[in-house]
Each structure stands twice: as C-alpha cells, then as structure tokens.
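Protein sequences, first through last, are from chains E and P.
Be aware that the first sequence starts at 1, since it is given in our numbering, and climbs by one per residue.
Be aware that the second sequence starts at 1, since it is given in our numbering, and climbs by one per residue.
Bear in mind the hints are in silico, worked out from the structure with no lab data behind them.
As the structure is a prediction and not an experimental result, all values here were calculated from the model.
Don't be surprised by glycine CBs; every beta carbon is placed ideally from N, CA and C.
Check before you lean on any hint, since a few could be wrong.
[Stated by the list, open to error] Per the computed footprint, the stretches of chain E lying under chain P, defined by three or more beta-carbons under 8 Å from a beta-carbon of chain P, are:
#1 17–29
#2 49–63
#3 166–172
#4 178–189
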Amino acid sequence: MATSTAADQAGWYVYGIVPADTEPPRGMRTIGDGRGATLVRSGTIAALTSPVPIDVPIGTPDDLVAHQKMLDAVAERAAVLPMRFGAVLATDDAVQRGLLEPHRDEFAAALDKFAGKVQFLVAGRYVQAAVLTEVLNENAEAVELAAAIRGEDELATRDLRIRLGEVVNAAVAAKREADTAAFATAIEPCCEAISRREAGHEDDAVDLALLVDRDREDDLRRSVQEAAARWRDRVAFRLLGPMAPYDFVVASHGG
Amino acid sequence: MTAVQSTGGSMLDRPSPTGLADVIDTILDKGLVIDAYVRVSLVGIEVLTIDARIVVASVDTYLRFAEAVNRLDISHDKEGLPGLVGGMQQSGAKHKTKGALDAAGDKLREVTSGKAERVRSGRHHED
C-alpha cells in the first residue's frame, strides 16, 4: 500500500445508510476528491458514499460540515441512518459485502422506523445575569459568600470564590434539571422521541434532540416558540433542523 | 423576537445548523459507528478529531461563576435593583455571546492548526 500512488489510494467514505431508491444529493461538496456522492446498493438499502483519497487526513472544518450537510440534505426527503464522522471502507465491495449485506434486515428495519421523521435540536442557554439573580434570591449561602468576596482581593478570597462558584454551579445544575424536564413536558406532544444531550457548558439550560414527524414540524415550532416566549427573560433558545436523526441511531450490533 | 435570539439571530427563523460547534457536537459524538458493523476492510485513514465537550464543572467554572456574581453585585450597587434587570440582561447576554464565539473560535483554531501540522507531516512522509 505504501508504494502505490496517491491516485490509487481511494477509499469509500460512508455518510450513512438510505433506502436504495434514494436520489443522492447533487451539487454538494463531498469529502474526498470532489466526485459526487453515489449509492452502493444492496437489495432495498444502500450506502451513501463518495470516493476519498486515503493519504490525506480527513476532519477539517470543511469536511465536518460537508458530512453533515450531505446527511441533512438527504434527510429532507428520505430516511437516513447517519454514520458517525470518519467511516471509510477500502472498496465498494467492502461496503456492499462487509457493511450492507450482513446487516440488511437490521438497517431496513431502522430505516422503516425513521421513515417520515426528522431530527431537531433545541438548545437553551441561560441569560446569565437573570439566572444568577434567581440563584441569589433563592440561596442564602450564595448571598453570604457574594458579600464576603465583594471588594476583596481576588487571590486572598480564592477559596471563598471557589465555594461560591460551587454553590452557584449546583444551583444552576438543579435549575437545568427542572427546566429540562418542564421543557420536555411542554414539547412532548409534538415529538416521537426525545433524547437528552449532556450539558456541554455551564450556561446550558436545555439541550435536547427531538425526533419529529415531518408533518408536525409546524406544531413543534409553535411549541418551542411558546416555551421560548414564556422564558424569554431567562433562557435564549435556538431550534436547529430539520436534520438527520443523529441522536436516535444506536449501534446495537456487536460485529 | 428577542427571546429566541442567539449568536446567529433568531433560530426559529433560520433553522439550518451552520455553526461549526453545532456540527462537531453532532457528527463526532453521534451516529452509527462503522467499526461495530464492519471488522474487515476498514481503511486506517487518519481522522482529525477533537474533544468537542467542555467539562461542565471545574475550578475554572466555579471561579467564572463567582466573578459573574461579583459583577452582578457591583451593578446592583451602582444602578439599584429595579432598573437593573433590563440592563444586566443585555450585558449578560452580550457576555455570553462573546463567550460562545470565543469557544467556537478555539475549536476552529484547534481543528485548523491540527490539520496544518498533520497535513504537513503527512506530506513529508509522502515526498
């Protein structure tokens, strides 16, 4: 392999699994050599792939965006099981015989399950000043500690600051739990499934992936909008999607 | 509508995920893992990845929270409580936005510089 030329070193980048009659999106940036995305079929299912040179590392910002845009474009009109970024097989035969054929029933059943459904992400971030004001109104220890550090030297009060931060962090975490539960309850009627993402930032209030029937997209937007309006002074919301059901595919297979 | 505003404007009007941070969290962390399905023929291509998640609770987090409370306290003193809420929320939101942008920028830099380095060393290999 080390002696072959760059042109020979092509692999097959796999974006995801789709029904075999899916039209691959055209005119989109692909990962690899710029030739378009193609389907490698096996019965009623197919892998959405593009050829990729294997002597160049992948994972640039452009690559990451290309992966997601490709899958989201497919998800607009077909069911799709998204692969995690970075799946490359040696040959189209490997895609067919190694990936598709042995797991055809499993993939076909999963595609059926996702037919007509898309994912949305809803992310709410606390308006920091508002949520901190809430904490100070509710937590006597935080108020005491805040008074103790006020105007004092930062290094001299480091322990008190850490303690204050700890208390505030715990209070915000409790709010996150309560708010996430309340928000999930509010939008649940519009969703087929809800998957919670781990908080990635201390200001995160709500971070949920939603599996939604395509026909109910308007309902969902309305529900999110209503919840966002209710919490407008304390949480800033973003609704992302429709996108491929990244958070709802699970590899149940061991090999 | 201000309630749904964020770094990218109103997300309810602009539904497509475009930020690199959103993409990273989604496609590096989620989705089918091909290794679970295929044991042979997986190409050992080098994949540049980064750890997308920030640790939620650390001393840094605590100190940031303490500083934020301290700033809030000082503003209370200066402006008095009633008029405070509107003004503080705005500056709070601004601060938050900047933080998010910084974080996204850091991720981007990490990816880009990692790429530059590795691509360079990769080429040396090839030449």
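How does the coverage statement for the segment 178–189 of chain E fare against chain P, requiring three or more residues with Cβ below 8 Å from a Cβ of that chain? violated (count 0)
Are there three or more residues in the segment 49–63 of chain E whose C-beta lies closer than 8 Å to some C-beta of chain P? holds (count 9)
Check of the segment 17–29 of chain E against chain P for coverage (Cβ-Cβ below 8 Å, three residues minimum): violated (count 1)
With a C-beta cutoff of 8 Å, work out whether three or more residues of the segment 166–172 of chain E approach chain P closely enough for the coverage to hold. holds (count 4)
Hint violations for this structure: numbers 1 and 4, all remaining hints satisfied.
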